[in-house]
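A.B. asks: Single-letter residue listing:
Number of protein chains: 2
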Amino acid sequence: MAHSPVSLLPGQSPLLVVISGPSGVGKDTVIQELKRRNLPLHVVVTATDRLPRAGEVDGVDYHFVSTQRFEEMIRNHELIEYARVYDDYKGIPRREVTDAMQSGKDVIFRVDVQGAARLRQLFPEAVMIFLLPASMEELEARLAARHTETPETLKKRIETAREEMKRLNEFEYAVVNADGQLEKTIEQILAILTAEHLKVKPRTYSL
Amino acid sequence: MAHSPVSLLPGQSPLLVVISGPSGVGKDTVIQELKRRNLPLHVVVTATDRLPRAGEVDGVDYHFVSTQRFEEMIRNHELIEYARVYDDYKGIPRREVTDAMQSGKDVIFRVDVQGAARLRQLFPEAVMIFLLPASMEELEARLAARHTETPETLKKRIETAREEMKRLNEFEYAVVNADGQLEKTIEQILAILTAEHLKVKPRTYSL
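Which chain is which? The protein sequence lines are A and B, in order. Heads up: the first sequence at position 7 corresponds to 7 in full-length UniProt numbering, and the numbers run straight through without jumps. Heads up: the second sequence at position 123 corresponds to 123 in full-length UniProt numbering, and the numbers run straight through without jumps.
Bound conformation, chain A alone:
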């Protein structure tokens, strides 16, 4: 007996997913691991007019463009949102999102907690995931290990991370990214994406 050609499942539309968390929680490591796997998802690359730093690759770390081109993107409404950070422009090209969605891929935004709040305003139905450390001590140890800074600067970073931790309740999902447990973190993020794709009522976004 032949299967019906029409799927009985509700429409499987791509998701917009925000992955955030305090400074030092390991957002970049998690994103790198997600990219390494052969998954139908696209990690959004921000555009900026600042110059690349050593090791930064155009189209991977950022889309590096001239200030003139960036301001043209603003005028042409090519950016979903943008901000002037210190002396540099940063913005999300609309095509980063629309192209990925049109090819059926989930769109991942890797942002700090302030960026997450702005994205939630733009996309109230985005899937909001907050990465947590296993403990505050682990977070502080990571911040201490990766920055060669004065004790005062480190203290400031830790205070900022503690403030960022308080914004957990603005998120829908919390995933612990513990030291040496990257596989578990990835599995839990993928479980969230799987479950969200099984929702009967799809989330909707206006781009």
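Careful, some of the hints might be misleading.
Stated by the list, open to error - Calculated cross-link-like contacts (lysine-lysine; reagent style PhoX-like; alpha-carbon spacing at most 20 Å):
1) A:K199 - B:K166
2) A:K199 - B:K27
3) B:K184 - B:K35
4) B:K105 - B:K201
5) B:K184 - A:K199
6) B:K90 - B:K27
7) A:K166 - B:K199
8) A:K184 - A:K35
9) A:K184 - B:K199
As the list claims (entries may be wrong) - According to the in silico footprint, chain B covers these stretches of chain A (three or more CB under 8 Å from chain B):
10) 172-183
11) 194-204
The hints are simulated quantities; they were obtained by calculation from the structure and are not laboratory data. Backbone N, C-alpha and C fix where the C-beta goes; we use that ideal spot for every residue, glycine too.
Got chain A sorted already, so can you dock chain B onto it with the hints?
C.D. replies: Relative to chain A, chain B alone:
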């Protein structure tokens, strides 16, 4: 550096999960497979005053009790809900749910779509999962294969299943249980449970 003894995760409370779907979709097979695995979940066993049929085991298929005992359970408010189906009582003992939750287990209800609607009224925040066939042809083939009935009775069963399929929109999640794909079905159900446990705002139930 010692880990903080206090988890940074929000409270991990047990879930109430309703697994339903049309007649013939394979609810029992899915539940048996879930029970076979060593998971922290409890499948609710209904109480009834009817006599066990051949092969039915007390405490597994049903809690078989006398009519006198069943009516005592009604008077003592020991049942979350009950109904008289034809000449038999059927009901859900409250302790089936409270004992499992107190030991930290998710509680699974395996019910037909009518039962699912009643459970949603009792527990508006229950996780509602609808099992779908891969196609209506597959569902009809399964109904035809497992019943030795007249063509008229089979036709009636198929009509009922088609009506039941229309209630998909009353559910939150839809999982396809295709022939020969039980592993995928189980993985998707477990992804839903994993994701629900990662929710920042826990679901609440009044028992």
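A.B. asks: If you draw a straight line from the CA of A:K184 to the CA of A:K35, is it 20 Å or shorter?
C.D. replies: OK: A:K184 and A:K35 at ~16 Å, within 20 Å.
A.B. asks: Would you mind confirming whether the straight-line C-alpha gap from A:K166 to B:K199 stays at or under 20 Å?
C.D. replies: Answer holds: A:K166 to B:K199 is near 16 Å, not above 20 Å.
A.B. asks: Take a quick look at whether A:K199 and B:K166 sit within 20 Å of each other, Cα to Cα.
C.D. replies: holds (16 Å)
A.B. asks: Checking one constraint from the list: CA of A:K199 to CA of B:K27, max 20 Å. Satisfied?
C.D. replies: holds (19 Å)
A.B. asks: A:K184 and B:K199 were given as a pair; does the straight-line alpha-carbon distance stay at or below 20 Å?
C.D. replies: Distance ~16 Å between A:K184 and B:K199 Cα, so the pair holds.
A.B. asks: Does the structure keep B:K184 and B:K35 at a Cα separation of 20 Å or less?
C.D. replies: With Cα atoms ~16 Å apart, B:K184 and B:K35 stay inside 20 Å; holds.
A.B. asks: Regarding the pair B:K105 and B:K201, is the alpha-carbon distance no greater than 20 Å?
C.D. replies: holds (18 Å)
A.B. asks: Please count how many residues of the stretch 194-204 of chain A have a CB within 8 Å of a CB from chain B and say whether that reaches 3.
C.D. replies: holds (count 7)
A.B. asks: Count the residues of the stretch 172-183 of chain A whose CB lies closer than 8 Å to any CB of chain B, then report whether that count reaches three.
C.D. replies: n = 5 at 8 Å, threshold three: holds.
A.B. asks: Compare the distance between the alpha carbons of B:K184 and A:K199 with 20 Å, and conclude whether the hinted pair is satisfied.
C.D. replies: Distance of about 16 Å is within 20 Å: holds.
A.B. asks: When you check the alpha-carbon spacing of B:K90 and B:K27, does it fall within 20 Å?
C.D. replies: Roughly 19 Å separates the two Cα atoms, so the pair holds.
Checked against the numbered hints listed earlier, the structure breaks none of them; every hint is satisfied.
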